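**Q** Listed here are the chains, written in short residue letters.
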Amino acid sequence: MFGKKSKISRRFMLSAAAAVISLGAALPVSTLSAAEVEQIHFLIPGGAGGGWDGTARGVGEALTKSGLLGSASYENMSGGGGGKAIAHLIETAERQGDTLMVNSTPIVIRSLTKVFPQSFRDLTSVAGVIGDYAAFAVAADSKYQSFTEVVADFKADPNSVKIGGGSTRGSMDHLVAAQAFKAAGGDPNAVKYIAYDAGGKAMAGLLSGETTILSTGLSEALELERSGQIRILGMTGQNRISDAPDVPTLAEQGIDSVFVNWRGFFAAPGTSPEKVKIYTDMLEKMYETADWETVRSRNGWVEFYRPGTEFTTFLEEQEGIIGNLMKELGFL
Amino acid sequence: MLDGILQGLSTAVSPVNLLMVFVGCFAGTFIGMLPGLGPISAIALMIPITYGFDPSTGMILMAGVYYGAIFGGSTSSILINAPGVAGTVATSFDGYPLAKQGHAGKALAIAAYSSFSGGTIAAIFLLIAAPALASVSLSFQSADYFALMVLGLTAVSAFAGKGKFLIAVLMTLLGLMLSTIGIDETAGLQRFTFGSLDLMDGISFLLLAMATFALSEALMVILKPAARSKEAEEATRGKLGSMKVTKDEIKDIAPVVARSSVLGFFIGVLPGAGATIASFLAYGMERNFASAKEKLKFGKGSLRGLAAPETANNAACSGSFVPLLTLGIPGSGTTAVMLGALISYGVQPGPRLFVENPAVFWSVIISMYIGNIILLVLNLPLIPYIARLLALPKQLLTPLILFFSLVGVYLVSNNTFDIHIMVFVAAIAIFFRLIDFPLAPMLLGFILGGMMEENLRRALNINNGELSFLWERPITAGILAITLLILLAPLVKNIRDLRNQKASTANDGEG
Numbered sequence: 001m002f003g004k005k006s007k008i009s010r011r012f013m014l015s016a017a018a019a020v021i022s023l024g025a026a027l028p029v030s031t032l033s034a035a036e037v038e039q040i041h042f043l044i045p046g047g048a049g050g051g052w053d054g055t056a057r058g059v060g061e062a063l064t065k066s067g068l069l070g071s072a073s074y075e076n077m078s079g080g081g082g083g084k085a086i087a088h089l090i091e092t093a094e095r096q097g098d099t100l101m102v103n104s105t106p107i108v109i110r111s112l113t114k115v116f117p118q119s120f121r122d123l124t125s126v127a128g129v130i131g132d133y134a135a136f137a138v139a140a141d142s143k144y145q146s147f148t149e150v151v152a153d154f155k156a157d158p159n160s161v162k163i164g165g166g167s168t169r170g171s172m173d174h175l176v177a178a179q180a181f182k183a184a185g186g187d188p189n190a191v192k193y194i195a196y197d198a199g200g201k202a203m204a205g206l207l208s209g210e211t212t213i214l215s216t217g218l219s220e221a222l223e224l225e226r227s228g229q230i231r232i233l234g235m236t237g238q239n240r241i242s243d244a245p246d247v248p249t250l251a252e253q254g255i256d257s258v259f260v261n262w263r264g265f266f267a268a269p270g271t272s273p274e275k276v277k278i279y280t281d282m283l284e285k286m287y288e289t290a291d292w293e294t295v296r297s298r299n300g301w302v303e304f305y306r307p308g309t310e311f312t313t314f315l316e317e318q319e320g321i322i323g324n325l326m327k328e329l330g331f332l
Numbered sequence: 001m002l003d004g005i006l007q008g009l010s011t012a013v014s015p016v017n018l019l020m021v022f023v024g025c026f027a028g029t030f031i032g033m034l035p036g037l038g039p040i041s042a043i044a045l046m047i048p049i050t051y052g053f054d055p056s057t058g059m060i061l062m063a064g065v066y067y068g069a070i071f072g073g074s075t076s077s078i079l080i081n082a083p084g085v086a087g088t089v090a091t092s093f094d095g096y097p098l099a100k101q102g103h104a105g106k107a108l109a110i111a112a113y114s115s116f117s118g119g120t121i122a123a124i125f126l127l128i129a130a131p132a133l134a135s136v137s138l139s140f141q142s143a144d145y146f147a148l149m150v151l152g153l154t155a156v157s158a159f160a161g162k163g164k165f166l167i168a169v170l171m172t173l174l175g176l177m178l179s180t181i182g183i184d185e186t187a188g189l190q191r192f193t194f195g196s197l198d199l200m201d202g203i204s205f206l207l208l209a210m211a212t213f214a215l216s217e218a219l220m221v222i223l224k225p226a227a228r229s230k231e232a233e234e235a236t237r238g239k240l241g242s243m244k245v246t247k248d249e250i251k252d253i254a255p256v257v258a259r260s261s262v263l264g265f266f267i268g269v270l271p272g273a274g275a276t277i278a279s280f281l282a283y284g285m286e287r288n289f290a291s292a293k294e295k296l297k298f299g300k301g302s303l304r305g306l307a308a309p310e311t312a313n314n315a316a317c318s319g320s321f322v323p324l325l326t327l328g329i330p331g332s333g334t335t336a337v338m339l340g341a342l343i344s345y346g347v348q349p350g351p352r353l354f355v356e357n358p359a360v361f362w363s364v365i366i367s368m369y370i371g372n373i374i375l376l377v378l379n380l381p382l383i384p385y386i387a388r389l390l391a392l393p394k395q396l397l398t399p400l401i402l403f404f405s406l407v408g409v410y411l412v413s414n415n416t417f418d419i420h421i422m423v424f425v426a427a428i429a430i431f432f433r434l435i436d437f438p439l440a441p442m443l444l445g446f447i448l449g450g451m452m453e454e455n456l457r458r459a460l461n462i463n464n465g466e467l468s469f470l471w472e473r474p475i476t477a478g479i480l481a482i483t484l485l486i487l488l489a490p491l492v493k494n495i496r497d498l499r500n501q502k503a504s505t506a507n508d509g510e511g
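Just so you know, the sequences run in chain order A and B.
Going letter by letter, the first sequence gives residues 1 to 332 in full-length UniProt numbering.
Going letter by letter, the second sequence gives residues 1 to 511 in full-length UniProt numbering.
Hints in this document: simulated from the structure, not taken from any laboratory.
Some clues are possibly wrong.
Keeping only pairs whose Cα atoms sit at most 25 Å apart, straight-line, the calculated SDA-like set for lysine to any residue is [unchecked claim]: (1) A:162 <-> B:187; (2) A:192 <-> B:473; (3) B:300 <-> B:174; (4) A:65 <-> A:98; (5) A:84 <-> B:182; (6) A:192 <-> B:463; (7) A:162 <-> B:300; (8) B:300 <-> B:435; (9) A:162 <-> B:100; (10) B:100 <-> B:432; (11) A:162 <-> B:475; (12) A:114 <-> A:228.
Please read all numbers here as calculations on a predicted model, not as lab measurements.
Modelling step: build the complete structure from the supplied sequences, incorporating the hints.
**A** In structure tokens:
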């Protein structure tokens, strides 16, 4: 979901597929029963078939099918790494009363790096909805059995550990790796990050022996581990997750590095707290529905609910952590 | 394994799956014909329909759309010089001149036969060796891909007619420069975006291809109306639909198709390459193999020059199923969408797929044979009618081409900025056409340039900034050696010719 060619990153495409699956079902469905919210227009800052697209259409599907939402419409507006849609939402704010824009961690990173001049502060934060942890994996025949072994080699010779990822330098896969090695007492600047233009190619790079370790999202890593080709050495959750009880956290290996890539929704600037409350109440009820469970399990999503001001606080915290790290790495 | 193949065969020939092969191929052909609507969007649109299908059925349908689109993609390249998919750019090099000379029907027929052969031969390779080829996919590293792109660039020499070598190189460099616009992968920095959000993602291939090929070509018709007599035009019109391919021509093309199938398939197996590189390499290879006389025809309507890339891109398309099915690694955006679909069916691609899910694995491969036959049967009778599109009066055809190329690009990005850029690029392309600078090398440089740079910088990064991988990695060194040979061979020949000439003139002087 980062960088110029991330359009075809594998993670993105996985959700892409999922997105389009939901496309068919997500056409406006009007229910006669009194819905919580009459209609929502989802603004998607990327093309059809992307991760953002999948989230918006998936949530829209669960909401309309369960009757919480009267009807949903979708608009894809790609360009400028999401900046075009953000600018559009701000410029036409008074006409966007029913609009929710989907976004994710990149909005934080890209506003830090000034890809676009705005930040989440220029919008109204509604809620974080789903999240994915970061994961580090090695080829199944690798000598490494734990992340601490990798750290030891990294400290001895940083150049011997080559970290591959399916997005550009300075994007999430890189930053997460730098953060992990820093937390383990290494020099984040010495991290040798090898950028690939798609997750699939980063994976091929790992298996061909070109890179030592792969930095990617946990849900994608789990798919690949299931095929027996890679071993996940650690992930950035606070605790192990029920879907993958065998995957250790970095924290339990003595490395205090927690990170979550969230996806959530924003409304136009100036949206009243009352309206935000209506949206968050609706989302909260959505988590309880069977229709949401269908969408969630189909996409392998992890729930990450942060409503309203809690979401804003979380974003500020994340911005602080990522900002400091990027300063240290010389990106800011 | 034989059990699995039989199981796959019985799955593939079940009525539902046969129907799906047909539907997939049919839809794919038409989607491929329309510039702008590539297999990726087509398959993405298919997924909601296939949801709830049996995994084999869904995959067979999507695979059908994929190779159907590559099959049909040559049509717009040949007829209106509008390669809607990068894999069919090389097809337009000789296909379009053929159509302009009044051989549209023949060109389309040869494209269909070549596509069929490439697809079928590759499907045989898949059946025999798919599981074993997984390791081949992983044998290539960034350094090797870099060398492969360099080798691909030698195809440029095909456009370097007499004394035009420097011009062709110049245009290639322009293409390389254009490919640097946008966020640079390795450093994450913006280059040549001038602070514009719209340029951040770089210029898309489709935009550049449509603007330089289709748009400027159509506009040139207005600027420089061909001074042809009415009778000549009538005569060409009559020939347009003729698909006659002589025995000699088939004899001439057969070895080209055989070589290009093998090459295309192996390039397709590599996750970092694909149909585009395969088609360029095949085109370049055939030109290098050709005799001096045949060489001159390349770029001006050579049947070999048409058959080679058409065979290779279809073979590569089948080859790309090796990393997809056996490793779970998608080599292109299209296969990535299919991977997503497979996973949502609950099928885990990987080294154990053909053991755990033999029906899915083998039925998809077997459906490719059936699909290729269907494509051929479907396309051949249509050719005379499709070819007649060119018989439309210019005042109707030109606006149609303008409409399709502009709308095709706009529909992909939904961004009006792209249309502005397109018109701007087309204007420059017209200028180049007027001063007789070839545009194909520019597109070649643009397509290969981005991948070449990324792979070189990645290799340098991995090797701590040392260039030693260029000669220390056997695959890299091997490919680069071939490149050097190709580049030096004409030079050596020239020198020898020159010497012979000198010797003979010297002898004449003495005698």
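**Q** Hints first: check each against the structure and report whether it holds.
**A** Results for each hint:
1. A:162 <-> B:187: 16 Å, holds
2. A:192 <-> B:473: Holds, because 21 Å separates the two Cα atoms, which is no more than 25 Å.
3. B:300 <-> B:174: Roughly 23 Å separates the two Cα atoms, so the pair holds.
4. A:65 <-> A:98: 19 Å, holds
5. A:84 <-> B:182: 15 Å, holds
6. A:192 <-> B:463: 11 Å, holds
7. A:162 <-> B:300: 48 Å, violated
8. B:300 <-> B:435: 18 Å, holds
9. A:162 <-> B:100: 52 Å, violated
10. B:100 <-> B:432: 20 Å, holds
11. A:162 <-> B:475: 21 Å, holds
12. A:114 <-> A:228: 40 Å, violated
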